[in-house]
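Trainee: Sequence:
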Amino acid sequence: NALAGSPADPALGGAGSASGLVQGSAWLRFLPVTGPFRPSLEGELRALGYTSSPGGDASYLLVGARPGLILGSARTLLLAYHYEGLLLAAGDRYDPGPLWFYDTHRAELEASLLPSLTLFGGIGRRAFREAGRTRTEVDLGLGGGGALSRHVQLLGALTGRRHDAFKAA
Numbered sequence: 014n015a016l017a018g019s020p021a022d023p024a025l026g027g028a029g030s031a032s033g034l035v036q037g038s039a040w041l042r043f044l045p046v047t048g049p050f051r052p053s054l055e056g057e058l059r060a061l062g063y064t065s066s067p068g069g070d071a072s073y074l075l076v077g078a079r080p081g082l083i084l085g086s087a088r089t090l091l092l093a094y095h096y097e098g099l100l101l102a103a104g105d106r107y108d109p110g111p112l113w114f115y116d117t118h119r120a121e122l123e124a125s126l127l128p129s130l131t132l133f134g135g136i137g138r139r140a141f142r143e144a145g146r147t148r149t150e151v152d153l154g155l156g157g158g159g160a161l162s163r164h165v166q167l168l169g170a171l172t173g174r175r176h177d178a179f180k181a182a
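Just so you know, we're using this note's numbering here: the sequence shown kicks off at 14 and counts up by one.
Hints were generated in silico from the structure; no laboratory data involved.
Yeah, the Cβ is synthetic: ideal placement off N, Cα and C, and Gly gets one too.
Some hints could be false.
Restraint-style ranges between C-beta atoms, simulated for each label pair [said to hold, decoys possible]:
(1) Ala87 x Asp177: 33 to 39 Å
(2) Gly110 x Gly37: 18 to 24 Å
(3) Leu155 x Phe50: 22 to 28 Å
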């Protein structure tokens, strides 16, 4: 169902939303291995394409980049800027598409408190094509893990998130 995972409120209705799909993603990270001050650069590309019409209008391309600086060697602190943009195949009532649905600019941090415990968070603004959806985002989390046995690892995270739209719904 091409509408089930659509990031937008599709105007496709319920008819003809069954579709095959093609999906791909890539995530790359460049990180020098030595030194107390290390630059970090991450890039992400994710694409999802539906093969039928009108389901193809729910196809999208997500691009992201996160340059940062890692401080420390045993206990580390990552300070980064994170950009993310989402390009939708569909248009809207003003333009035929494809359209940039949103772009995000965030400041992020990751702090390794213990070898198996990390504090992470961010704050930023997600600007949508539809201005009423534009919002400030804040999130904070704590994650970690450990070995239950030689072959079993347990990972977990506790997160909190707040979105504050500039306009009421």
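Trainee: Failing hints, ascending?
Mentor: Of the numbered hints, all hold.
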